[in-house]
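A.B. asks: Protein sequence lines correspond, in order, to chains A and B.
In terms of the numbering used here, the first sequence opens at residue 1 and continues consecutively.
In terms of the numbering used here, the second sequence opens at residue 397 and continues consecutively.
Hints may be right or wrong, so weigh each one.
Claimed, not checked - Calculated from the model, a selection of chain A residues having no Cβ within reach of chain B, i.e. all distances over 10 Å:
no., residue
1, Ala33
2, Val140
3, Arg154
4, His200
5, Leu250
6, Trp337
To be verified - DSSO-like mimics (lysine-lysine), calculated; alpha carbons at most 27 Å apart, straight line:
no., chain 1, residue 1, chain 2, residue 2
7, A, Lys390, B, Lys420
8, B, Lys409, A, Lys390
9, B, Lys485, A, Lys348
10, B, Lys577, B, Lys548
11, B, Lys447, A, Lys321
12, A, Lys321, A, Lys390
13, A, Lys390, A, Lys163
14, B, Lys550, B, Lys399
15, B, Lys447, B, Lys548
16, A, Lys321, B, Lys450
17, B, Lys409, A, Lys389
18, A, Lys318, B, Lys445
19, B, Lys485, A, Lys347
20, A, Lys318, B, Lys450
21, A, Lys232, A, Lys318
22, A, Lys318, B, Lys447
To be clear, the hints were calculated from the coordinates, so they are not data collected in a lab.
All residues carry an ideal CB built from backbone N, CA and C; glycine is no exception.
Each chain, written out:
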Amino acid sequence: MHQTDFNYQRKDLPAGFSKFGLIFLVVGLILAAASFFVDQTRAAFNYLVIYMMIVSIALGSLFLIALEYVAGADWSTPFRRIPEFFAGLLPVLFILVIPLLFLNHDLFHWAHEEAVKEDKILQGKAPYLNISFFVIRTLVFIAIWVLFYFILQRNSKKQDTTKDQSLTTKNIRFSAAFIPIFALTITFTAVDWLMSLEPHWFSTIFGVYFFSGTVIAALAAVTLVVVILKEKGYFDPWITDDHLYSFGALLFAFVNFWAYIAFSQFMLIWYADLPEETFWYLTRWEGSWVIFSLLLIVIHFIVPYAMLLSQPAKMDPKRLKFISIWLLFAHLFDLFWLVMPNMQPLKKGYVFSWIDLVFPILGIGIVLTVFNFISKKENLIPVGDPKLKKGINFHL
Amino acid sequence: MNKKLYGLAALFKTPDEIIEVAKKTSAAGYQKYDIHSPYPVHGIERAMKLKPSKLGFITLVFGLTGSALALLLMYWTMSVDYPMIIGGKPFFALPAFIPITFEVTVLLATLATVIGMITFFFRFPENDHPLHDTDYMKKVSCDHYGLVIEAKDKLFDEAKVLEFLNSLKPESIEEIYYPEKETYPVLEPKFVTFLIIIAVVTSGITYFALNKLLYMQPFTWMMEQPKLNPQKPSTLFADGFGMRTPVQGTVARGFLPYPYMGQNNPTEFLQNPYLPTKENLQLGEQKYLTFCSPCHGNFGDGDSRLRGQFPNPPSLHSTRAREFSDGMIYHIITNGQNIMPSYASQVTREERWAIVNYIRVLQRAKNAKSSDLQVVNKETGNNASN
Numbered sequence: 001m002h003q004t005d006f007n008y009q010r011k012d013l014p015a016g017f018s019k020f021g022l023i024f025l026v027v028g029l030i031l032a033a034a035s036f037f038v039d040q041t042r043a044a045f046n047y048l049v050i051y052m053m054i055v056s057i058a059l060g061s062l063f064l065i066a067l068e069y070v071a072g073a074d075w076s077t078p079f080r081r082i083p084e085f086f087a088g089l090l091p092v093l094f095i096l097v098i099p100l101l102f103l104n105h106d107l108f109h110w111a112h113e114e115a116v117k118e119d120k121i122l123q124g125k126a127p128y129l130n131i132s133f134f135v136i137r138t139l140v141f142i143a144i145w146v147l148f149y150f151i152l153q154r155n156s157k158k159q160d161t162t163k164d165q166s167l168t169t170k171n172i173r174f175s176a177a178f179i180p181i182f183a184l185t186i187t188f189t190a191v192d193w194l195m196s197l198e199p200h201w202f203s204t205i206f207g208v209y210f211f212s213g214t215v216i217a218a219l220a221a222v223t224l225v226v227v228i229l230k231e232k233g234y235f236d237p238w239i240t241d242d243h244l245y246s247f248g249a250l251l252f253a254f255v256n257f258w259a260y261i262a263f264s265q266f267m268l269i270w271y272a273d274l275p276e277e278t279f280w281y282l283t284r285w286e287g288s289w290v291i292f293s294l295l296l297i298v299i300h301f302i303v304p305y306a307m308l309l310s311q312p313a314k315m316d317p318k319r320l321k322f323i324s325i326w327l328l329f330a331h332l333f334d335l336f337w338l339v340m341p342n343m344q345p346l347k348k349g350y351v352f353s354w355i356d357l358v359f360p361i362l363g364i365g366i367v368l369t370v371f372n373f374i375s376k377k378e379n380l381i382p383v384g385d386p387k388l389k390k391g392i393n394f395h396l
Numbered sequence: 397m398n399k400k401l402y403g404l405a406a407l408f409k410t411p412d413e414i415i416e417v418a419k420k421t422s423a424a425g426y427q428k429y430d431i432h433s434p435y436p437v438h439g440i441e442r443a444m445k446l447k448p449s450k451l452g453f454i455t456l457v458f459g460l461t462g463s464a465l466a467l468l469l470m471y472w473t474m475s476v477d478y479p480m481i482i483g484g485k486p487f488f489a490l491p492a493f494i495p496i497t498f499e500v501t502v503l504l505a506t507l508a509t510v511i512g513m514i515t516f517f518f519r520f521p522e523n524d525h526p527l528h529d530t531d532y533m534k535k536v537s538c539d540h541y542g543l544v545i546e547a548k549d550k551l552f553d554e555a556k557v558l559e560f561l562n563s564l565k566p567e568s569i570e571e572i573y574y575p576e577k578e579t580y581p582v583l584e585p586k587f588v589t590f591l592i593i594i595a596v597v598t599s600g601i602t603y604f605a606l607n608k609l610l611y612m613q614p615f616t617w618m619m620e621q622p623k624l625n626p627q628k629p630s631t632l633f634a635d636g637f638g639m640r641t642p643v644q645g646t647v648a649r650g651f652l653p654y655p656y657m658g659q660n661n662p663t664e665f666l667q668n669p670y671l672p673t674k675e676n677l678q679l680g681e682q683k684y685l686t687f688c689s690p691c692h693g694n695f696g697d698g699d700s701r702l703r704g705q706f707p708n709p710p711s712l713h714s715t716r717a718r719e720f721s722d723g724m725i726y727h728i729i730t731n732g733q734n735i736m737p738s739y740a741s742q743v744t745r746e747e748r749w750a751i752v753n754y755i756r757v758l759q760r761a762k763n764a765k766s767s768d769l770q771v772v773n774k775e776t777g778n779n780a781s782n
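Just need the whole structure built from these sequences, with the hints factored in.
C.D. replies: Here is the structure:
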């Protein structure tokens, strides 16, 4: 029963990762650059969606790593490198965020000085919502994330050669410090980048809402890579059905968590029926947006719920692969639904544009390329981790 | 007594052993066997090649039933049977129903799962299972791991199974027999029948005593009598009414008909039958302040606090009002005038005349002549001289 022989040989990732990554990146970059000349505002909003998607995957992965350390989980140790690689997107955020900071005039109504002058509410919010403070906040948050990323992954990699157990203890301490900081930064990030698109609107649960989607995106990305690599033999025989089942169960749990939070936000606003709150949902009920709103329930909750409900479905690799791609799309769709109706020309309903299709290509390109770059010459399995043996022998 | 063999049991010491044992037993082709351990051993269900439990279907079916029932209940009560507007929401307010639907779904699903698990899968209560009260069961519920191969198995052959069990190198092997059928005197048909009869008789007597005997009337001599009830139909009269209409021109006791009722400007009036005595004027003042002053004002000036909310009531000190005869004022109170309603039902005849007398006093006081003053002066002067 027990896996006594453990000898890991490092293998390069499948060539498809780098090849597809580069193709997507180049095509995406060209098309995205072109779209900025065609319709700068629309391109800016679309770029924001993709940026938040990358933030979700990267930050969510860092959260998963910290969670493993804090909770003392061992089942996730064998594949902990995958979220570590995804969290490698965090330093890249410094570059990715630059265009958005310059495009603030296109994105944010509160960035227009003449609009703030005539608006008492915006004047009241101006001490928080002003460009200099906004830029400082954004950069400080990214710096904090990158700092924790470097600490956690450096200790983890060092352990591969030194096998020093005290590094795990160190990481546990840093993770414990990171989790409350993560809670605050992700809340303010959601407020800054998503909620302030409609600066008159407010919802106290919004940070949690974004967090629930973030964890789904990160989990789905990790699940997808682990299942693909397992099928290609990279994780055999260390990742078993029990690991896959845990992936399925976690995804299922967070699909429910998202629905719970999304419904909590909706029901309170619907019940109180205050005009200063309801207009945000009414915008998303306007014209063709109503289809998007209803589809969001189906895509983000009903379909994944039904597909993950039964026990065998939670450990079927094919089903998991499909559902991870589906949930990544669902989170992208969710972000699209959060961001796009704030665009002035789209307030009355959705109008299709090819620009909306360009940026997901760019996003896939960025994620794959960075993942490939970071994972180069790295062990896929943290061979020096003291929890590894228990993680490999994990049974439900 | 010939004992019937239930199966052969073997005891093992470690969980690793029992997993190997389970694998070998299922590989040997045995179907009816079971593994017992003091705690759930990881991976045992895969080693035993057990099929996934069907319990999930019970959960699913009852969960869906719960959702449907909750929605149906709320739809029926809130939108059909007793629709109420709550917070301006529609009668079928789905978002408000979702939390309750969720709760009922979870409630029914969990209850059905637990009850289904205990009754269908654990077959509770099965008190005479052969494994109860065996040394084997005592050990596997403490610190040993056990395997039982049942005699019902198609491949069961005592010698072969014994050999197979020995090949697994167990700590010990035990033969397990069906227990002798126990009889319970409580369940004997005679006793049960006796109980049922007692129950039926007791409850019958109780029912009869409480519902019939207590309400039996010993005699009904004056309970029912032939009589006519007012407001009830009757067969005595041809028109079928129990009540009679009075003869034309009948006047009720203590009632005086007012002959000028309904006339706006009657040509003749009643005479005032009351003298303005002190008692009469006090009564008039009291009734005037109660019924007249809200509109006409405390002193008849038409200046009450209701002024401005209605067409203003006229002053009672106008020349026209002062020239009204007593009978005319009485007529106005009785019959009403313009928007002033009739006060006949609130104020009695005597009180109305008293009010008329009091109004006369008010009119006289408001329009006093100097001669009136002199009379008073003379009187006070007289008093002063005394």
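A.B. asks: Holds or violated: A/Lys318 with B/Lys447, Cα cutoff 27 Å?
C.D. replies: Distance ~21 Å between A/Lys318 and B/Lys447 Cα, so the pair holds.
A.B. asks: Minimum Cβ separation between A/Trp337 and chain B greater than 10 Å?
C.D. replies: The claim holds: A/Trp337 sits with its nearest Cβ about 18 Å from chain B, beyond 10 Å.
A.B. asks: Between B/Lys447 and B/Lys548, does the CA-CA distance stay at or below 27 Å?
C.D. replies: Holds, because 20 Å separates the two Cα atoms, which is no more than 27 Å.
A.B. asks: Could you let me know if the closest chain B CB is still more than 10 Å away from the CB of A/Val140?
C.D. replies: 39 Å, holds
A.B. asks: Is the Cβ of A/Leu250 more than 10 Å away from each Cβ in chain B?
C.D. replies: 19 Å, holds
A.B. asks: Is the straight-line distance between the alpha-carbon of B/Lys550 and that of B/Lys399 27 Å or less?
C.D. replies: Holds: B/Lys550 and B/Lys399 sit about 20 Å apart, inside 27 Å.
A.B. asks: With the threshold set at 27 Å, check whether the alpha-carbon distance from A/Lys321 to B/Lys450 stays at or below it.
C.D. replies: Since the Cα atoms of A/Lys321 and B/Lys450 sit roughly 26 Å apart, the hinted pair holds (cutoff 27 Å).
A.B. asks: Mind verifying the non-interface call on A/Ala33? Its CB should be farther than 10 Å from each CB in chain B.
C.D. replies: Given that every Cβ of chain B is farther than 10 Å from that of A/Ala33, nearest at about 44 Å, it holds.
A.B. asks: Hinted pair, alpha-carbon criterion (27 Å max): A/Lys321, A/Lys390. Please report holds or violated.
C.D. replies: Since the Cα atoms of A/Lys321 and A/Lys390 sit roughly 25 Å apart, the hinted pair holds (cutoff 27 Å).
A.B. asks: With a cut-off of 27 Å on the C-alpha distance, tell me whether B/Lys447 and A/Lys321 pass.
C.D. replies: Answer holds: B/Lys447 to A/Lys321 is near 25 Å, not above 27 Å.
A.B. asks: B/Lys485 and A/Lys348: Cα distance at most 27 Å?
C.D. replies: Given that 27 Å is the threshold and the Cα spacing comes to 25 Å, the pair holds.
A.B. asks: Assess, step by step, whether the Cα of A/Lys390 is no farther than 27 Å from the Cα of B/Lys420, and give holds or violated.
C.D. replies: 26 Å, holds
The structure meets every hint from the earlier list without exception.
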